[in-house]
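A.B. asks: Protein chains in written order, with this note's numbering: chain A, 16 to 954; chain B, 59 to 181.
Honestly, the hints are just simulated from the structure, not real lab data.
There may be inaccurate statements among the hints.
Partial list, derived from the structure: chain A residues whose beta carbon lies under 10 Å from chain B [stated by the list, open to error]: (1) L57; (2) G663; (3) R706.
Think about it this way: if two alpha-carbon atoms lie no more than 30 Å apart in a straight line, the pair counts; the simulated DSS-like pairs of lysine-lysine are [to be verified]: (4) A/K867 <-> B/K151; (5) B/K151 <-> A/K545; (6) A/K312 <-> A/K545; (7) A/K745 <-> A/K666; (8) A/K867 <-> A/K785; (9) A/K383 <-> A/K312; (10) A/K545 <-> A/K383; (11) B/K151 <-> A/K940; (12) A/K123 <-> A/K464.
Each residue gets a CB set at the ideal place from its N, CA and C atoms; glycine is no exception.
The residues making up each chain are set out below.
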Amino acid sequence: MNLLEFNLPLIALIPFLGAPLAAWAANINRVASAWTAGLVTLVSLLFLLPAIQLPFEGQTLIQSWSWLPSLGLEFAFRLDGLALLFALLILLIGLLVILYARYYLSPKDSMGRFFAYLLMFMGSMLGIVLSENLIQLVVFWELTSLTSFLLISYWQHQQDARDGARMALAITGAGGLAMLAGVIMLGNIVGSYNLTEVLAAGEQIRQHENYLTVLVLILLGVFTKSAQFPFHFWLPHAMAAPTPVSAYLHSATMVKAGIFMLARLFPALSGTEAWGWLVGGAGMFTMVLGAYTALFKHDLKGLLAYSTISHLGLITLLFGFSTQLAAVAAIFHIINHATFKASLFMVAGIIDHECGSRDMRMVNGMLKYMPHTAVLAMIAASAMAGVPLLNGFLSKEMFFEQAVTATDGSMMTWAIPVLVTIGAIFSVAYSLRFIHDVFFNGEPVGLTKTPHEPPRFMKIPVDILVLLCLGVGIAPMILVAPILSVAVSASLQSAPPAFSLAIWHGFNLPLMMSFIAMGIGVIVYFNRYKLFRWHDENLPRIDARILFNMALHGVLVATGKISRLFDRGSLQNASSWVLLTAALAVIYGYLQFNSPLLGHRELMPVDWLTVALGAFVVIASVLCAVLHHQRLVSLIIVGVVGLIVSLGFVKFSAPDLALTQLSVEVVTIVLLLLALFFLPQHTPQERNAKRMTRDIALSLSAGVIVMLMAMAVMSRDYAPISDFFIQNSKPGGGGTNVVNVILVDFRGFDTLGEIVVLALAGLGIFAMLKNLRLPAPLRDIQGREWSHDPHPPIMQTLTRLLFPLMLLVAVFVFLRGHNLPGGGFIAGLVAAVALISQYLANGIDWTNARIKANMHIVIAFGLTAAVVTGVVAMLLSYPFLTSTFTYLKWPLVGKFEVASAMAFDLGVFLVVVGATVLILVELGKLSHASHQMRHEEHY
Amino acid sequence: MEWIVALVIGVMTASGVYLVLRARTFPVVLGLTLLSYAVNVFLFTMGRLQVGQAAIISPDTTAYTDPLPQALVLTAIVIAFGMTAFLIVLSLKARSELGNDHVDGLSYVAEEQAVKSRQKAGN
Chain A
16 MNLLEFNLPL IALIPFLGAP LAAWAANINR VASAWTAGLV TLVSLLFLLP AIQLPFEGQT
76 LIQSWSWLPS LGLEFAFRLD GLALLFALLI LLIGLLVILY ARYYLSPKDS MGRFFAYLLM
136 FMGSMLGIVL SENLIQLVVF WELTSLTSFL LISYWQHQQD ARDGARMALA ITGAGGLAML
196 AGVIMLGNIV GSYNLTEVLA AGEQIRQHEN YLTVLVLILL GVFTKSAQFP FHFWLPHAMA
256 APTPVSAYLH SATMVKAGIF MLARLFPALS GTEAWGWLVG GAGMFTMVLG AYTALFKHDL
316 KGLLAYSTIS HLGLITLLFG FSTQLAAVAA IFHIINHATF KASLFMVAGI IDHECGSRDM
376 RMVNGMLKYM PHTAVLAMIA ASAMAGVPLL NGFLSKEMFF EQAVTATDGS MMTWAIPVLV
436 TIGAIFSVAY SLRFIHDVFF NGEPVGLTKT PHEPPRFMKI PVDILVLLCL GVGIAPMILV
496 APILSVAVSA SLQSAPPAFS LAIWHGFNLP LMMSFIAMGI GVIVYFNRYK LFRWHDENLP
556 RIDARILFNM ALHGVLVATG KISRLFDRGS LQNASSWVLL TAALAVIYGY LQFNSPLLGH
616 RELMPVDWLT VALGAFVVIA SVLCAVLHHQ RLVSLIIVGV VGLIVSLGFV KFSAPDLALT
676 QLSVEVVTIV LLLLALFFLP QHTPQERNAK RMTRDIALSL SAGVIVMLMA MAVMSRDYAP
736 ISDFFIQNSK PGGGGTNVVN VILVDFRGFD TLGEIVVLAL AGLGIFAMLK NLRLPAPLRD
796 IQGREWSHDP HPPIMQTLTR LLFPLMLLVA VFVFLRGHNL PGGGFIAGLV AAVALISQYL
856 ANGIDWTNAR IKANMHIVIA FGLTAAVVTG VVAMLLSYPF LTSTFTYLKW PLVGKFEVAS
916 AMAFDLGVFL VVVGATVLIL VELGKLSHAS HQMRHEEHY
Chain B
59 MEWIVALVIG VMTASGVYLV LRARTFPVVL GLTLLSYAVN VFLFTMGRLQ VGQAAIISPD
119 TTAYTDPLPQ ALVLTAIVIA FGMTAFLIVL SLKARSELGN DHVDGLSYVA EEQAVKSRQK
179 AGN
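Same shape as in the complex, but just chain A (with noise of 0.2 Å):
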């Protein structure tokens, strides 16, 4: 068994399966299951670990199985060099996140449930990296919106943090919607959803003319999940959520996702004009806007939304130059941000959790109550300014490069380095107020308890990410340059560009733009209050909550209003207006079918008994309308009429449906006139004219479409599918009668759906009748008094003397139904009949004492029976109820047949008579108990 053919999907579905181990270890102690995330992490690490070294000798692993061959999907993973580094990030920062929310969740707080969700959106996240079919990997892209969603509002009880959630999941779940529809439009331009197919035919996708809205729908999903303008308001509001969750989220995970994608379809979708403008565009503005916003949020978490949004933005405006450096820079800066920020944010959780507060305003002088975190964070803080020795500086110098040399001549040359230097002006302005504001500053300012250094183990995470920041930036040829490489020739599906990570590349332009930007961006922070005062007062005001929930109420309200112009309460009215779109849709479709209504085939001479029973269901039929008020009449009407259908059957040659609907006929009308019992007798008129005919008029034409509708086609000649199982119901299903063959071989898991059908409608029926109480009426409809005698001693003999033969009748109809008309149904009903005529003639009392069989039994059994001939056929590796048959000598019977389809017949006859008895049983029930509490208030 080689590890290496299928270790791929386990990465990916492990944290699933070990989510709900979480939840349960939870039950233990808090600490448990924390450690079971943890090791849940490591185990899916251990099954990465034996593949790492494949990306490094240019092999891309992939594992497939097929699925839907015909629709193209198929289960397959893929391992490169870009999954790779992602996977890693994933796994590696998420086990510090774990290690850090462990010390940061409040005993309040329930870790189960935390860790739970936590795995779970770690698997959507490694699955969507390790995707190489495309259709899963939009799956597992809507996975994670879900789960991001429950992390989000993990603090339930807070409106802002289920404000937050929904308005994230409603941005990205949305923009995963657009994303589907351009993967799928990918897909029929290349013929192929997997990668290894897309990503070589770049060229072929570009030429397309559907290349725009595929590239359009792509990149909804990517700015959504990326959280770039204008769809970036919803990472802020997701700031709602617990530290450890933002920490993860906004650093290595959901929203690198969007990037993940722009590296991932590089190859395919890159270098045109299109993608330069949307991709560059929204980038440069994000960057910038992020940036900028950034220095005026007095929330520590806000500071850190709003850098992530202006971080995210700079790797999109990389990926946007479409040039194979500006790649690796942007693949570079995407292991640098998920470094320092995720350690910056933990770093903003230490001081929420110690401070109490997160208000910068607040928040002072930190650096003597703990100096450990303080240096932490001012070295993280460096990096994301883009100090030199520090990794950001590193691919900050890269960034700066390709914004001077990436651009043509065009207006854009001097443009975009000027653009690119004022955010990063604001970049190092609000990187040294985190630093200055919180721990230098004076002291703090109202705080309600004495902050001190964190527990040592919270410290760790982020001291590990911080060791990394600057292993980076001092070594990178070392620590980073392999995987990058790796995952640049991945992204790129090419042999990387020669690129230099060397900290020194002498005096140049882009060493000078950091100058710049350093030293403005120390001028801006120290004149931040005149800055602060200036937007305050000339900036005006958009809270993107408010805008988002406008939007959402006009949406609902107008949909409300869409609604109720066809649904007024009404269920008369929603009825007819579903059933005037069908009369006008079979209209239209007749309209476009190009052919006469009626066709050549030679119909059928008249015999006059069909006719005179024809003109009978008519009279009946229409009586049955008209006469409706009276109950009884119209039910005794409707029974009439299906039992001349039955006969309409035996006419036609289908004997097995005329035992069937006159088996069913006698059902329902017992069930039919138990329920009347309960009911008003007679029907109310109504007064509404105007509806009386509007529905007249729609009945009429109902009926009139449906009667040429069968003309149509009892008038015109086809050709059959059916001569394969008149052929073949003999040799290969063993018996002649061919429409029960159909239901228990050939057809025979249509057969099972159904009896589950009827089981739970049984089932639905007893749990709406448990514990329902309704008075019986005392006298009839004509004003007589029911019968005190309910059980009539005739009635009980003649009964119980015909029940032995009506079970005969039932065994004899089961075992012929193979190979002449019966079957399991048609002998479950006539078991259920005779069964419920001895309820009805001697009491529920009298019969339960003597048939002691549970029907809730019954079903399972018949369902059991059912599924297990099917599950021996698999066992014996035929494909799910496979049948077989052979012939026995019996004494007296002589040769007989016998089946395994049989066995599943049994379960047919079993599920028919369970279900049938269970329901008219508690019905009957229902009666009983109304007859006593009847009596008990007689007497």
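Given chain A, put chain B in place with the hints provided.
C.D. replies: Leaving out everything else, chain B in the frame of chain A:
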């Protein structure tokens, strides 16, 4: 002959639809029962009408009717029974919970008022 069967289907449909559109639960259930007869027969006729050609294989018969629609209709009949049973019990439950058998759960008084207010609005 086909016309007669088609007419029967049509009339059962028309009566069924009319009853389905009524305001009380019991007629609606009856309507659905009639409608399901109509639908079953309609589906059955998709195999065309044949006399004396039941799909029971025997050596001295050569022509058989189409068994497939029959198999479908057979289960449809049983499922229709399940549905009817569920609906009628649902209407009993509604009667018990709401105290009336109007399809919208309106009491007689509320319904009178609704009619009156609609008439007023009309004037």
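A.B. asks: Against this structure, judge whether each hint is valid.
C.D. replies: We went through each hint and held it up to the structure:
The restraint placing A/L57 at the interface with chain B is violated, with a minimum CB-CB distance near 51 Å, outside the 10 Å limit. Proximity of A/G663 to chain B holds as hinted, the smallest CB-CB distance being about 7 Å (cut-off 10 Å). Contact between A/R706 and chain B, as hinted, is supported at the beta carbon level, the nearest pair being about 8 Å apart and thus within 10 Å. Between the alpha carbons of A/K867 and B/K151 the distance comes to roughly 28 Å, so the proposed pair stays at or under 30 Å and holds.
For the hint pairing B/K151 with A/K545, the CA-to-CA distance comes to about 70 Å; that exceeds 30 Å, so the pair is violated. Distance hint between A/K312 and A/K545 is fulfilled; the C-alpha atoms sit about 15 Å from each other, no more than 30 Å. Of the supplied pair hints, the one linking A/K745 and A/K666 holds, its CA atoms being roughly 25 Å apart against a limit of 30 Å. This hinted pair checks out: A/K867 and A/K785 have alpha carbons roughly 20 Å apart, not beyond 30 Å.
Proposed proximity of A/K383 and A/K312 is supported: the alpha carbons are some 24 Å apart, at most 30 Å. For the proposed pair A/K545 and A/K383, the alpha carbon gap of about 28 Å is at most 30 Å, so the pair holds. Taken as a hint, the B/K151 and A/K940 pair is honoured in the structure, with Cα atoms around 14 Å apart against an allowance of 30 Å. Pair hint A/K123 plus A/K464 holds up; C-alpha atoms about 19 Å apart against a cutoff of 30 Å.
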